Structure formats: structure tokens, C-alpha cells
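Please construct the entire structure, taking both the sequences and the accompanying hints into account.
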Amino acid sequence: MENRLRVLRAERRWSQQDLAERLEVSRQSVNAIETGKYDPSLPLAFRIAELFELPIEEIFVSPSRRSSKAI
Amino acid sequence: MAQMFARRRYTWRLAASMAGYVATLVLAKYAIEDRGIAGPAAFAISVVPALCVASVFWALARLLIEEKDEYRRVLLVRELLIGSGLTLTVVTIWGFWENFGLVQHFDGWYIAPLFFVGMGVGGVVNKLTLGDSGGC
Numbered sequence: 157m158e159n160r161l162r163v164l165r166a167e168r169r170w171s172q173q174d175l176a177e178r179l180e181v182s183r184q185s186v187n188a189i190e191t192g193k194y195d196p197s198l199p200l201a202f203r204i205a206e207l208f209e210l211p212i213e214e215i216f217v218s219p220s221r222r223s224s225k226a227i
Numbered sequence: 526m527a528q529m530f531a532r533r534r535y536t537w538r539l540a541a542s543m544a545g546y547v548a549t550l551v552l553a554k555y556a557i558e559d560r561g562i563a564g565p566a567a568f569a570i571s572v573v574p575a576l577c578v579a580s581v582f583w584a585l586a587r588l589l590i591e592e593k594d595e596y597r598r599v600l601l602v603r604e605l606l607i608g609s610g611l612t613l614t615v616v617t618i619w620g621f622w623e624n625f626g627l628v629q630h631f632d633g634w635y636i637a638p639l640f641f642v643g644m645g646v647g648g649v650v651n652k653l654t655l656g657d658s659g660g661c
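If you're matching them up, the sequences are chains S and G in order.
Quick note on the numbering used here: the first sequence kicks off at 157 and runs consecutively.
Quick note on the numbering used here: the second sequence kicks off at 526 and runs consecutively.
What the hints contain is simulated information worked out from the structure, not anything from laboratory work.
Since the structure is predicted, the reported quantities are computational estimates derived from the model, not experimental observations.
You may find that some hints are simply not true.
Restricting the straight-line Cα-Cα distance to at most 25 angstroms, the calculated cross-link-like pairs of lysine to any residue (SDA-like) are [claimed, not checked]:
| # | chain 1 | residue 1 | chain 2 | residue 2 |
| --- | --- | --- | --- | --- |
| 1 | G | Lys-593 | G | Val-581 |
| 2 | G | Lys-593 | S | Gly-192 |
| 3 | G | Lys-652 | G | Phe-530 |
| 4 | G | Lys-593 | S | Ser-220 |
| 5 | G | Lys-652 | G | Gly-620 |
| 6 | G | Lys-593 | S | Leu-207 |
| 7 | G | Lys-593 | S | Glu-209 |
| 8 | G | Lys-652 | G | Val-599 |
So, in C-alpha cells, the structure goes:
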């Protein structure tokens with residue numbers, strides 16, 4: 157799933173490891189989510205949103221909205 | 526941190542299983558082949574190394590339960606599925622070949638090592654498709 161995680165992380169000058177520690181996940185997880193190879197579960201998506209103090213939809217791009225925009 | 530403990534526990538369990546396997550296999554061979562123990566006692570003695578191998582499956586199940594990192598859990602599940610799928614496929618094909626008298630009998634204990642090789646293939650598939658092979 158497309159997302160703004162890398163941008164949000166960069167704005168805070170956090171490394172992937174910093175973000176991983178804040179989320180209590182592995183650095184591999186952060187990398188997989190950032191690159192869109194892995195979609196986080198809803199609880200993890202909420203943890204990410206709470207950490208950045210943003211609504212989920214401002215971090216993750218809804219696949220249905222993305223395809224409707226393309227149309 | 527919790528995921529590190531899960532991995533460490535898995536490594537210890539795996540090492541204990543393998544050490545137990547080697548020790549009980551040597552003892553079972555000595556008792557049955559050298560001392561000539563037979564009957565129910567031989568069944569009981571020879572099942573112990575098999576249970577040591579089975580305890581690796583238990584260790585894998587515990588890792589799946591104790592691993593708190595959901596992405597690494599997904600990697601492990603993919604490895605387990607690929608390992609299971611490959612093992613079942615190979616054993617089924619071999620079974621048909623054996624049935625038609627094309628190949629020799631395949632000893633059942635080969636299935637466990639075959640499954641572990643299949644999991645290794647799963648790790649390679651994870652690396653190629655997701656860029657990570659850290660499931661197990």
C-alpha cells in the first residue's frame with residue numbers, strides 16, 4: 157500500500173531503526189511498510205497514526221481512492 | 526526486544542532438540558542393534574529420537590506464537606507454507622512413482638529433513654519477493 161511513512165520519518169529526522177523502536181517492531185517491518193511490500197495490520201496502522209498524530213488516511217493511501225483517481 | 530527473546534528461545538529450543546536427537550539416536554541404536562532389545566521396549570526407545578525431531582515442530586509453533594513482530598511472523602508463515610507445500614508435493618509424487626514400481630521405497634523419516642529444506646526454499650522465495658528472509 158502506498159504511504160507517506162518515509163516522508164513523515166524524514167521530517168522528524170528519524171532513522172528506520174528509530175521508528176522501529178518507537179513502534180516496537182523490527183527495522184525490517186518499517187522498511188517493508190515504507191516500500192509498500194507489506195501492509196500493516198489495523199492495530200499497527202493505528203499505532204503509526206498515533207505516533208505521527210495524524211489520521212490513518214493521511215499516512216496510507218486508500219487503494220480504492222487511488223484507483224478511482226486514476227480513472 | 527520481545528521479538529529478540531522469541532528468536533533466542535527458538536534457537537535454544539532448536540539446539541536442545543538437536544542435541545537430544547543425536548544423544549537418543551546413539552542410545553537407541555546401541556540398545557536395539559547392539560543389545561538386542563526388542564518388542565514394546567524397542568518401540569518405546571526408538572520413538573524418543575523421533576519425538577526430538579517433532580519437538581522442532583513444537584519450537585516452530587512456539588516461535589510463531591511468541592514472535593510479536595507481525596511482519597517477521599508473515600515471513601515465517603510463508604516459509605512454513607512453502608515448506609509444507611513442497612514436502613507434500615514431493616512425497617505425493619514419490620508415492621505414485623513408488624506405487625508404479627518406478628522408484629525405491631522412501632523412508633518416512635526423510636519427510637522431516639525434506640520439510641526443513643522446503644522451509645529453506647521458502648526463505649529464498651521471501652528474499653526474492655520481499656527482500657527479507659528473516660522468517661526463521
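Against the structure, the hints come out as follows:
The suggested pairing of Lys-593/G with Val-581/G holds, with an alpha-carbon distance near 20 angstroms, which does not exceed 25 angstroms. Taking the CA atoms of Lys-593/G and Gly-192/S, the gap is near 20 angstroms; set against the 25 angstroms cutoff, the hint holds. With a C-alpha separation of about 23 angstroms, the suggested pair Lys-652/G and Phe-530/G falls inside the 25 angstroms cut-off, and the hint holds. Straight-line distance between C-alpha atoms of Lys-593/G and Ser-220/S comes to about 30 angstroms, which puts the hinted pair past the 25 angstroms bound.
Using a Cα cut-off of 25 angstroms, the hinted pair Lys-652/G and Gly-620/G is violated, with the two alpha carbons roughly 31 angstroms apart. Among the hinted pairs, Lys-593/G with Leu-207/S is consistent with the structure: their alpha-carbon atoms are about 19 angstroms apart, no more than 25 angstroms. For the given pair, Lys-593/G sits about 23 angstroms from Glu-209/S by alpha-carbon distance, which is consistent with the 25 angstroms threshold. Only pairs whose Cα atoms come within 25 angstroms are accepted, and Lys-652/G paired with Val-599/G is accepted, the gap being roughly 13 angstroms.
The earlier numbered hints that this structure contradicts are 4, 5.
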